[in-house]
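K.L.:
Once you have looked at the hints, place chains S and Y on chain L.
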Amino acid sequence: MNRRFLRQALPFLTLAVVLAATFYVQPRTMSYFGLNLMLQYAVPIALATIAQMFIITVNDLDLSIGPFVGLVSCIGATLLLDNPLLGILALLVLIATYGAVGALIHIRNLPSIVVTLGLSFVWLGIAVLILPSPGGKAPVWLKALMGVQTPWVPFPIIAAIVIGVVVHLALMLSSYGVIARGAGGNPKALTRAGWSMLNTKVIMYMLAGFFGVLSGLALLGLTTSGDAHVADRYTLYSIAGVILGGGEFIGGRVSPLGAVVGALTLALAGSFLIFLKISPDWQIGAQGAILIIVLALRALVSYGEHKR
Amino acid sequence: MIGKLLRQPWVFSFGAAIAVWLATIAYTGGQGAGAILTAAFSFATFTIIVGLGQMMVITTGPGNVDLSIPATITLSGVVAMKVMDEDTGRMVIGIIAALGAATLVGVFNYGLIRLLRIPPIIATLSSSFLVLSAAISYGRGIRIKPPEPLAQFAETQVFGIPIMAFAVLALSIALAMVLSRTVYGRSVLAVGQNSRAAWLAGLNVDRTRFLTYVLSALLAGVCGILLSGFSRGAALNMGEEFLLASIATVVIGGTSVAGGRANVPGIWGAALFMYLLVTMLNTFGASAGIRLILTGLMIIGVIVAAGGEEQR
Amino acid sequence: MSNTLPTTQQRSSRASKSLSEQAISLDGVEKSFGAVRALAGVDLVVATGECLGLVGHNGAGKSTLMHVLSGNLTPSAGTLSIGGKPHAGSWTAAAAQAEGVRCVFQELSLCPNLTVAENVRIVHRSLTGLGWKGRARALISQKLDEIFPNHGIAPDDEIADLAIGQRQMAEIARAFTVTDGKLRLVILDEPTSSLDAVTAQQLLAYVKKETARGTSIILISHLLGEVLSTADRIVVMKDGKTVADRKAADFTRNSLVAAMGSEAREHKRGAAKNSVAEVMVRAQPRSGGSASLEARKGEIIGLTGLAGHGQTRMLLQIYERRHAEVKGALSFIAGDRQSDGVFNLWSIGRNITTRSLTALRKAGFIDLAAEEKLAEEWKVRMAIRTPDVDNNILTLSGGNQQKALFARALASDATIILMDDPMRGVDIGTKQEVYAMIEAEAEKGRTFIWYTTEIEELTHCDRAYVFRNGAIVAALGADELTEEKVLQASFAEQAA
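Protein sequences, first through last, are from chains L, S and Y.
Each residue of the first sequence is one higher than the one before, starting from 1 at the first, in the working numbering.
Each residue of the second sequence is one higher than the one before, starting from 1001 at the first, in the working numbering.
Each residue of the third sequence is one higher than the one before, starting from 2001 at the first, in the working numbering.
Read the hints as simulated data drawn from the structure, not as lab findings.
Treat the hints with care, as some may be off.
Unchecked claim - Simulated restraints on C-beta separations: (1) L:Gln149 x Y:Ala2138: 40 to 48 Å; (2) Y:Ala2138 x L:Trp141: 43 to 51 Å; (3) Y:Ala2329 x S:Tyr1138: 42 to 50 Å.
What the hints assert, rightly or not - Here are a few chain Y residues that face chain L, going by a calculated C-beta distance under 10 Å: (4) Ser2070; (5) Gly2071; (6) Leu2108; (7) Leu2114; (8) Ile2122; (9) Thr2128; (10) Trp2132; (11) Glu2158; (12) Ile2159; (13) Ala2160.
To be verified - Straight-line Cα separation of at most 30 Å, DSSO-like style, residue types lysine-lysine; simulated pairs: (14) L:Lys188 x Y:Lys2182; (15) S:Lys1082 x L:Lys277; (16) Y:Lys2362 x Y:Lys2444.
Cβ coordinates follow ideal geometry from the N, Cα and C atoms, glycine included.
Chain L on its own, in the form it takes in the complex (with noise of 0.2 Å):
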């Protein structure tokens, strides 16, 4: 059994398990309704999880997402309904300052986690000055998009394999994804080929900025009204989704099949335990012990790896 393709269908394996024992405990969610409702909020944690997974690739880590999206929901309650020129334009200089961020934590060589975690205040603060309290409403369109009833296949399962398939042929298959991916692998020899490492992690942080964004405006979709809080948990869970999808956390050993795979097993993982009837109280426990049990398993093959 070749090991790397072990802990490649790891992530898979994971979320076929946690669907199979779905649909063994409550058979009617094998339907189009039951998989629509249970996997309806996997749509934006797959796209925090993606954006979370491109800061990882270059070896950051970004503790500032949740309330990021959060922010975004705000953002597109309020001033993309009102005034929608004006809400793209605040949209896009969110992108540009999480590139300016990118910058300054090369340049001046920072901890990531220390920025990204002042930055998560200054998101938080930003989206309260919006929304002291949830409200707005969220555009039309936004609404129509995430309730589309897609034939045969519900939306949700639709969107996740989209934005996995879209993000693997950008970083996994194009010839710009092995520089980026590179440049968590091996700095010093991208450097040395002459590539720029300052180019890289800006362009990562920004497209970071544009799937975190992504991630608001689904989630509002799904809402319909912005909340500054609506997403703190986000953090944790993008995190979990591309270390659960098969990501590491150094060397631009990434995932974005297996970060949405990692998202939507997350998403089910809710579900499961309350069709389960294992009380709420053990529910975000029962997403750490996955966490830890799928680390587990990895370190086994991993170990076994490193003895051959």
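P.N.:
Below, chains S and Y alone, put in the same frame as chain L:
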């Protein structure tokens, strides 16, 4: 001498705290100057306790951070209240049980880090999920008041300063002693600067990190017990704000994020400063949003200013 | 020096092929790292289509020279010419890449998380657009097939999954791939170090083929046989200068070794006196060979051979007490001060006392007065030049920092001191003081195991073990410790 003092990293945070306090009382015309300080010392002590733990963890080197502090605070508070069950006679057992639970969290954290080679940030994050669930499940629907002596200890003041602050001062001094005068403390500083060099200098790197994660969990446990005494009972979200607060005090207080340099007085300055800043902004009538933005910019500003010298 | 500076006529008469033009040349290149002069005025001409062999002992300046050529180090002085014309503008890695200069470094420059084909993309900016991966695969497969038939590497293999030898093959093949622009010069720094005999031969055969096409190659190797058989011309470096420059045919193995070395020196230690003393350390390298090492009480044992052939691993194996019999407390003196030794944030005093903290405890707490006294005492004994041991360690010069590390080990209760090439970048005066200290401490019964890259330092040893490819290949007693013998043992005849 003055020059040397000014170069201490903690002077900045104390200076900022005093400046903010002066600005506040200037605005109110001197009204409530003492009350503000009293409140600051009360609330800051909780942040200081966990900030000290986080400081030790961060000092053991890049990548080390304890994200399970909030969950551990909650677990400890819940366990303490439930075991004490409003009975003064069971207070000691309750404290032992709560600290025991916290210690287990620390041991579990390091187990994940060492045995499963999970990066500390994700290890303590996953374990915090489990710990939080345990606390929720165990403390479900309870609303148990703390035994009277505990509540009194958390509230009593001497000359307007809570006695709890004195206790935490003693704890801080003890920790500063540990850092400079014990083999464990020196090992923490050495491992944080360069773990390989520490190992080659004959220090026990593994044991040092293990003890540090346990210490951090233990301090979170202490915070949980005192906090449930102070706020008259444990709540399931009682730890929430302490994740960001613990890291922010460490950064603002002049402890090196790259590891190897801890700063105990800085934790005090930073915790007081952060509380007083919020008070000042409240007094000025600033909204919650402005307060958050300023806090965030403060953290970023401090790390950018310090970043230049942290480079290795 | 003057006879090593080839004029145009001399050069054309020297090489076997037609050398009407020079590919790249260096003129009076100097480079210093702090007090250490790595390159002391090097002139080097590489002709088009020539294979130039470059040999020299540790610290001769070969690696520094290659980093200058590849644009990764900026020289302190001197000029670099391309095709006979001085290069305008700064010579950076990107400029070198653009001029067709490639380098296979000793540490791998591949991204371990990428596939072989993806690593090719990193060095070829033109590999982009639709179908780039197909072109990258074809490029590397073809080159691998050409250089290493039966290589067993698929272009989609991830580097991390390849064996070390295969990685080296992939990196070598990558250096010879061409997309746009021409290949001018390929520098191979110990290219065969991880290759087996068959693939090494394949590479050397390819080198001849490639030079025939007009590409210049610089071959650095410790396997003198392969340099003699492959290179057209051989340049010998020593102490940051070129000391010999002749046609390969004019050298023999012995004359090459002689050119690398220096005059024999008087041995300083007396004859082995401790043959009956207690054995303190006995260990066999886990990295290879069956020969083992033995150190007796009061002995100074040298570990030598070319850098990176298992000496440091041997020291760490003893330090960890794994598969090693060790009697007594150990202490380790690092040579790479920054990564293994010094605590940057601490004072000189604290750096000295780190290894002795347990002994300095009184009722559980470190006795600060006793600590200060110990630091002060060793500052004096090691003659560390500082007004105050409370100053930060980085206020000291490199040599004095190293003295502080010696003080850390010698102030401790350790009876066995392991030294990992501790004199790197230390000035001569400091060295003399430390040598005297080591000999005095050995006299008092301490045992020293000393890995050194400087053969001269072996004159202070009672016995030395020569390492090659992780194994001990020779044990030389004090009376046989000559530079020539060490070099003979260090440089293998041919890859095994």
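K.L.:
Look at each hint and say if it fits the structure.
P.N.:
For each hint, the structure was consulted:
no.: 1; hint: L:Gln149 x Y:Ala2138: 40 to 48 Å; in the structure: holds (47 Å)
no.: 2; hint: Y:Ala2138 x L:Trp141: 43 to 51 Å; in the structure: holds (47 Å)
no.: 3; hint: Y:Ala2329 x S:Tyr1138: 42 to 50 Å; in the structure: holds (49 Å)
no.: 4; hint: Ser2070; in the structure: holds (8 Å)
no.: 5; hint: Gly2071; in the structure: holds (9 Å)
no.: 6; hint: Leu2108; in the structure: holds (8 Å)
no.: 7; hint: Leu2114; in the structure: holds (6 Å)
no.: 8; hint: Ile2122; in the structure: holds (5 Å)
no.: 9; hint: Thr2128; in the structure: holds (4 Å)
no.: 10; hint: Trp2132; in the structure: holds (5 Å)
no.: 11; hint: Glu2158; in the structure: holds (7 Å)
no.: 12; hint: Ile2159; in the structure: holds (8 Å)
no.: 13; hint: Ala2160; in the structure: holds (9 Å)
no.: 14; hint: L:Lys188 x Y:Lys2182; in the structure: holds (24 Å)
no.: 15; hint: S:Lys1082 x L:Lys277; in the structure: holds (25 Å)
no.: 16; hint: Y:Lys2362 x Y:Lys2444; in the structure: holds (28 Å)
Violated hints: none; the structure is consistent with every hint.
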